[in-house]
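Protein chains in written order, with my numbering: chain A, 1 to 82; chain B, 1001 to 1634.
These are calculated hints, taken from the structure and not from any lab test.
None of the hints are false.
Below, in silico cross-link-like pairs of lysine-lysine (DSS-like), each with a Cα-Cα straight-line distance of 30 Å or less: (1) A:Lys-27 / B:Lys-1510; (2) B:Lys-1263 / B:Lys-1333; (3) B:Lys-1510 / A:Lys-55; (4) B:Lys-1510 / A:Lys-46; (5) B:Lys-1551 / B:Lys-1004.
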Amino acid sequence: MPTVKFFATLRQVAGAREVQMEAGTVKELLDRLSAEYEGRMDRYLKISTVLVNGKNVVHMKGKRTKLKKDDEVSIFPPLGGG
Amino acid sequence: MSSKYGGYTGKFLDIDLSTGEVRDYDISDQLREDYLGSKGLATRILYDTVPKGADPLGPDNVLIVNTGPLVGSGAPCTSRFNVSTKSPLTGGVLSSNCGGNFGLNLKKAGLDGILLRGKAERPTWISIEDGEVELKDASELWGLDTEQTQEKLPKGTGKIVIGPGGENAVRYACIISQERAAGRGGAGAVMGSKNVKAVTAKGKAKVPVAKPEKFKADVKKWIHILQTHPATGEMMPSFGTAVFVNPCNETNTLPTHNFKRGKFADADAVSGETLADTLLTRNFGCTSCVIKCGRRVMVEGKDVKGPEYETLGLLGPNLENADLAKICEWNYKADLMGVDTISLGNTLGFAMELTEKGMLDSPLAFGKTEGVSQMIEDIAYRRGLGDDLAEGVKRMSEKYGGKDFAMHAKGMEFASYEPRGAVGHGLGYAVSNRGGCHIGGGYMIYLEAIGPLVMDPLTTRAKPQLTALMQILLDALSDAGSCQFTAFTAVPKQALALQPSGFLYRILAKSLEFFGPAVSLMLRYPQALAIVPPMELLQHPKAISDLTGMKLTFGKYIMAGQRTYLIERMFNLREGITGAQDTLPRRSLEELQTSDPRSRVPLSKMLPGYYRVRGLDRCGEPTRETLDRLGVRA
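With the sequences and hints as input, model every part of the structure.
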């Protein structure tokens, strides 16, 4: 099943660097994460960037992007840096 | 000479270190309107005062330390100062922007800036108090590190100092204020070449405000915007710039093994998240900062400044090093020695690759931490091989070979973003006037890989135009005296409610690829943008307008940024740095980063469009029409 990697505040909410979670699409995965963490992650999930195997889903099919069992999904909230 | 505008003290001093003479340097209000202050104004002065061909480390070079109008005004994140000089690293124009406490105190001392020329006979400390300058003997400070030097200087003053790196003319020596660095390009070496160990400033002057009530309301609103935006109100305070390590790694833009790759298997070990979980003691900010991106960590039982993202990337993955404690130790040592950690990480990485390829006999090796700490000292004191590394990557490649993988542009080493993972960012490195710099290059990485609204990182569509626009906005922001991190609110928090993986966001991200013509039009006719944007949309022009009394429309704000780039360009051209140097090493241009055939920087495809939107000719020189249109006197 896909591996979900959490970054920044999402990692703190999840209490883990990564988890494995069954999901067929990005939308399904986000819904499952919301349920799994009982809404505590919702605030961040709504504004977070989602990558599948390093590629931003904005340039794929957005939330409809399909997931395969070996996929790596990275999620991080809006950041500043430099 | 005073100024009719608020935000300025109206006083700028010209200090001749050879004679000890101190004069007023006259700046007209027209120049203030044209360049605002800080980087832009300093570059204009640099162009007017440094003779062609001057030795960067000789008495003919000048060192300008100045501020923008927002500094000392009470606006958030504006305890900044700028240093400008001819760079000993690139031989071209250099500006470096820094936090700390000096900018604020210089303004309190009643000065917008100082210009240092000539060379003092003996080690000197320049004391400025309420506008009065005294050149003091610094023989007892010479040889001390940056921390010891600041401890010996009077309490209650703003300070800039150099360490052994600056004293020994390391080409990437920096200037330190508190624990912040005007890092890039070797301004510390220029200060050292003038025998100046430190400058202190204090005073009781207050910055005049043209429209006090309106400005007060602007500041209140601005602080609220910064504190409630997810990037500046939550992520930056929680994780600092270090939070970029993992996203860069995920998007193939984290320099690894001297920029050979964009991904490091152990990146998480040196990430902001790991730093927060392990060595972090607390966060901190410069005076007047509401973001507080600074980190404090424990090094050998001492609470010191932690590493920024750039340092983590270049002393970590770029050296195949996953030891976070070592990075913190090296970062602290580099600050004490007064050398730029960005150029340092690059130079070490280059030396490691030379060694790996049998082109250099050295104890340095990727993944090996032994000997690095000693090498940092050897660089600062120019001992043994350290003497070569103190010259930077470009000069090392001229001596030892390896130009194909000498990761610099115009002699300045790359910042911590692998450009083959974000080609617009690569274009920025190539066309930045100060060299391979992320800020001077427009920070396209934010629009291509790691910001909240990103376009395809490998497409060339609209990249020339957006790179120019981003550079201009960042230049204007610097000119005003603001921290670059206040730009993170440019994507309003309301826009984030569209959801980055949602349909509307996808349309918006895709549409960026078609912004090229609109940006070209905007930059060709900026005066048509005759409104001052509301604070909610863009904070700087409105705040500067109410502070200074200038009516700073968005168009005029953009024009200040455009002029800044042009005058920098003119300086470089006079020094023989032409469009031929708007290039990147072969590794970036030809070696594929991944199996994707687009994963290299197609510079030749982007450069003509960039020159066009900037009003440069095919050789990268400003046309007469462009200079006249923007009122830049050559």
